[in-house]
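Participant: Residue strings, one per chain:
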Amino acid sequence: MSGALPVLDRPLTRNVRADRSPTDMAAYEANGGYRGLRAALAMSAADCLQVLKDSNLRGRGGAGFPTGMKWSFVPMGDACSPGHKYLICNADEMEPGTFKDRLLMECDPHQLVEGMICAAYTLQADVAYIFIRAEYHKATRLLQEAIDACKAKGYLGDNILGSGYNLEMHVHSSAGRYICGEETALISSLEGKRANPRAKPPFPQVSGLWGRPTIVNNVETLCNVHHIIERGADWFQSLGLTADAGTKLYGVSGRVKNPGCWELPMGTPVREIIEEYAGGMEEGYQLRGFLPGGGSTDFLTVEHLDLAMDYDTIGKAGSRMGTGTMIILDDKTCPVGFVKNLTEFFAQESCGFCTPCRDGLPWSAQVLDDIEHGRGLPEDMDTLQRQVAFIGAIGNTHCALAPGAMEPIQSALKYFREDFERHIDGGSCPYCDGGNS
Amino acid sequence: MPVIRIDGVEYEVEAGGNLLEATLGLGLDLPYFCWHPAMGSIGACRQCAVVQYLDEESEQAGRGRIVMGCMTPVTDGAIFSLGGDRAQQFREAIVESLMLNHPHDCPVCAEGGECHLQDMTVMVGHRDRHYRGRKNTHRNQYLGPLIHHEMNRCITCYRCTRYYRDYAGGTDLAALASRDHIYFGRHQEGVLQSEFAGNLVEVCPTGVFTDRILVHDYTRKWDLQSAPSVCTGCAVGCNTLPGERYGRLKRVHNRYNVEVNGYFLCDRGRFGAGFVNSDKRLEYPGLRREDGRYDALDHHRALQQLQAACNQGNLAGIGSPRTSVEANFLLRTLVGPDNFSPGFADSEQPLVNLALQLQQDSPAVTPDLRSIESADAVLVLGEDVTNTAPRIALALRQSVRNRAYAMAADLGLETWQDAAIRNLAQDERSPLYITAPGDTPLDDVAAGTDRLAPQDIACLGQAVAASIAGDSNEAGQDRAAEIAAALAGAQRPLVVSGTGCASGEVMQAAAAVANALCTAGRQAMLCLAVPEANSLGQALLCGADAPDFSALQQRAEAGEVDTLLVLENDLYRRGDGDRIDRLLAAFKRVIVLDGLDNATTSSADLVLPAASFAESEGTLVSLEGRAQRHFPVFPPPAERRPAWVWLLACLKELEREEAGSLHHFDDITRACAAAIPGLSGIPAAAPDHHFRNAGVKIPRQTHRYSGRTAMRADVSVHEPKQPQDEESALAFTMEGLNRAQPGSLLPYVWSPGWNSNQSLHKFQGEVGGPLKGGTAGVRLLQPGSGPVVSGSTGPEPFRAEDGQWQLVPRQKIFGSEELSALSPGIDELVTPAFVELGSADAESLGVADGDGLELGDGLARLELRINDCIPAGCAGFAAGHAGAENLQPLARVTLRRAEGWQRREPQIIGSDGGGGND
Ligand SMILES: Cc1cc2nc3c(=O)[nH]c(=O)nc-3n(C[C@H](O)[C@H](O)[C@H](O)COP(=O)(O)O)c2cc1C
Ligand code: SF4
Ligand code: SF4
Ligand code: SF4
Ligand code: FES
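Residue numbers (the numbering used here), protein chains in the order written: chain A, 1 to 437; chain B, 1 to 918.
These aren't lab readings, by the way, just hints derived from the structure by calculation.
Errors might be hidden in some of the hints.
[To be verified] Some but not every residue of chain A turned toward chain B, in silico, with C-beta under 8 Å:
| no. | residue |
| --- | --- |
| 1 | Asn166 |
| 2 | Glu168 |
| 3 | Pro356 |
| 4 | Gly360 |
| 5 | Phe390 |
| 6 | Ala393 |
By construction, the Cβ of each residue, glycine as well, lies at the ideal position given by its N, Cα and C atoms.
Chain A with its partners taken away, still in its complex shape:
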């Protein structure tokens, strides 16, 4: 890390130290911290929003929705009925294979807080929550300390830095369910209700937490905000290699030599991430496929290694970039067992609100379990295929959990069909018999 001038090409991880120790207020400010906040307060909220829109920042929580556009639906000024407006940071991070937000929060909590203050200012929100996965107790503590330090310095509270703008910020530990990360279920949970998602419309931007205008953004998304406001949209655009702007925290897990998480330019090719940063496959293992963005994305295979990791490219290839954290399937791991594990997770995490997900996922998991253990029947392939169509299409279920849950199955049936058939025909798992997994 260099001295006075912050590193420009890796804005999100510039304060991440090799030993992963947290950056405190002094170190954060010494490295240019809270300059973005001052820059924002010197601008109007409308100007901040314009910069955000121009920057083409897209949500890092999985869906890649343009952040500026999302924010522009929040009623501003007189168009907003009197009362609170809320900003919520989604730090629930329970997507299988995903650990990027944890890195950001544990190593540089002030970055998230600064990003949130700038975002809240842009939205003219007066209350902000960090809804954080319960297991992230270290990050919870660090964020609370960062908030307290900000209050002491006048970065949070009433009349922030003499601007007349007020904001309070709270950390809330999640109820410990995957569905709590779905933004409307998160809101229900934060209100103390069952973590059931809500039908849209109305969107949270107009009727969210306690029925008031609310924005929910991912940790990584929010960590970008003050950088963009400070350095401008063009700078942010210039960071990306493809049409998508900025940097991205990419992660790799599975049988690679060096699993981990790196901040790289948006659009870095998959091969580069796996081979250069993750060090390639472990000795004796071949790559068979990978879930590009967490457990709820479709498999891609060797043929997709040269694609750029950005929202549109991965989308066109039939998957989703999701959280940008890949899970690698190697040639000695049974794809049926792999998918079965994931499906059991999703079945367990179903909130139970809508029928296809609540009752369909456990059935799918059971069929996969039967196949994996050699109890599968030929018609089980039809059942799975039917379930994919039934549960997997957006709109068939009340929220996106179930379609996400079906993505690994659907793509496994496409790419690894013969593995399923060998289980059924042979009456046992060929990988287990082979002495693996």
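Assemble chain B with the ligands onto chain A, guided by the hints.
Facilitator: Here is chain B with the ligands on its own, set in the frame of chain A:
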């Protein structure tokens, strides 16, 4: 009106609705579970899926997307497919998913044959099971004596909790756990606390929540004989469908009336008719012997006795506010108006007359329940409606949502978007102010509660009226100004009061508020609750000057009358025992017509067994002045007859001229209408016995009513002729037509493919709208032209007196009403009579919760409950409960510790939520 296309056919539909509603309204079948016409949409079950196309091109190409009918607004030009393969396969897959864990126990399930899940399963065509796994199972809970729980049958549609919590305001039933383990129950076993819990039986589309009384004495819907009826539990007049088999009343279901009860009843109404099967019912006339015991007579001999008594004596009569206009009219005709007392307690009679007069005079509208739901600001003065007119409380709970609907309209949300509106509005509510001499179960949704003595309630009401009228506001009346502002700021303000706290001044104050609102140009409503199913009809029949008990007694003591006929009235509930003893002793002969053995029948010289509401036709006038007809569900057994039959026969035996033209029940109704101007509208309450539905009668039995011969096979294999019904358009058979007739003649709901109560929509013009054949009942009251005098300042404020407590009645849904309290299930929920005091007052007496108190000089000995909502200087008492008969509302009594009192063992009880500490 938007035009939508469904499977290539264009339909004009109501704007603002959703596709599911519209589809059902068009008479098409679209399966659903989580949607409910009274509760709107949440999109949980995904059963109502259809395919929607962007435009004609995509329709042709078959490129549509699955959407939920219940969540999709109908917009002009929208194109849908219901019948296409994709939509059908999806809907079949939903039922298949729901059936994964559903037990295959239809044959032993109390829902079978009227199960919405069965209907939908057949409708989607799901038949073969592909799933090989095991089913999830759950433990059931004891939920009290009224509702049976069988959790394995749950399909997780969330209707129960949406109804119980969101709609009815209950707190002790919830969705617990998650994924496919969701459990609908209480946090621990125990009696469900809501006064409206029974509706779960009809709301749940499967057999999870069923009628526990029915489960123990089971009959399938298709084997029930039923008829349109009216609840006699209170004065609201909810429309009901009682069902009978083997001469036993098996259960009561809701009969839809868009202006009265809509889709829901209260538990007093649903479970309170079980007294019809009581062992204490009278089957034979009884003639008292010298030794005080009774000889049973057949009806010929009984009539002879009756005739002889009438010939010998000078007659006086006491009628009954709990039975029909017609029976009362005949008795009044028999004894003459001057000798006919309506049968109210002496203190109650002026109150009921006042309630009627205030409604007749007030320019405010007397609202039906749907109008109550539309009120956007409400003041309740002195009345605990949850316990006196329960269904109104449920309507008031909906009224406080009007602010939410207004907020929703600003966002462009429609009222059926239930979850979205609740999330938007959260705790925002339209103002509801409750002023009562204690806590009430509606307090949780009130903007303000004032617990005051009745005199002070009246003072506050008058101050509100003065404030609305702009009269100077006395210091210390901030609350009055606040309430006045809320009411005056509303579009449809409502004032609710009634006879519940036994104060005419309170009702006058309520009328004053309503009148002031009218004067200020608001469309105000005034709702006054009266005690019994026909209280208002009785006041209309008898007029304000009718003799009360004291007047009759004087007349008897003066020798003017010597023979008393009492109609369906246990006088010992209407005055202290000595007082009634003296009244009866003043007569030479006492003849009682009643259904159940009680203290009054036991004092009679001649007892005639009267049919209950379920075995008799009759017209009742509800608190909103709605005349409604009930019809016999089954013919009365043995020598039991409807009271009107006894009385008409007697008039005929006596060859009384008035009876000459009376041949049918309808003739009595018409004669009454002709004689009594206030009741002139009652013949229109229902069509007369000449009515035919497309040329045929209306069957009380479903077309699948089975085993009619088998029912009597142990007696004879020859099936007897079915009883003939000469008095109505209904028949005691399976033959006839049950379709599109007037709502007052609807004996059950059924339609091909729709065996459950959800078939109701086939009888509605549009979902949630009036029945195709018209709404049952006829309104007798019109808004008046305003009171002759107004501007009373109300009574003197209440002053506590040392050593004296003012008795205020505390009404209980289970226990304060005579007959329901005798019904199985409810009898377990009735608590022993009690007296309530604030803790300071109790301390001054040196008594604690659970101790015994003696009231007055041996008036009553009751258990004490500490309740800090009771105003100082007042003592609440369990109105209508056994042991409290001698207590006069608003009397001042002394209190002292009861000697030799045995404290009760603590008990788990449910009906009233305990002593109300908030
Ligand atoms: C089942 C499910 C779980 C999710 N979990 C998370 C999560 O843990 N963190 C997150 O940021 N977004 C999660 N999301 C996405 C959020 O719903 C939402 O889109 C996101 O927080 C928006 O932030 P962004 O616009 O900054 O991406 C989840 C979505 C679904 C359907
Ligand atoms: S798809 Fe349905 S059941 Fe599954 S998590 Fe979403 S709302 Fe809950
Ligand atoms: S108990 Fe009945 S109403 Fe409740 S969710 Fe289950 S099936 Fe639906
Ligand atoms: S509110 Fe009254 S009329 Fe209606 S069901 Fe209850 S007791 Fe019967
Ligand atoms: S009825 Fe439409 S989703 Fe349940």
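Participant: Does each hint fit the structure? Answer for all of them.
Facilitator: Hint check:
| no. | hint | verdict |
| --- | --- | --- |
| 1 | Asn166 | violated, 22 Å |
| 2 | Glu168 | violated, 19 Å |
| 3 | Pro356 | holds, 6 Å |
| 4 | Gly360 | holds, 5 Å |
| 5 | Phe390 | holds, 5 Å |
| 6 | Ala393 | holds, 7 Å |
When the structure is compared with the earlier hints, violations turn up for hints 1, 2 and for no others.
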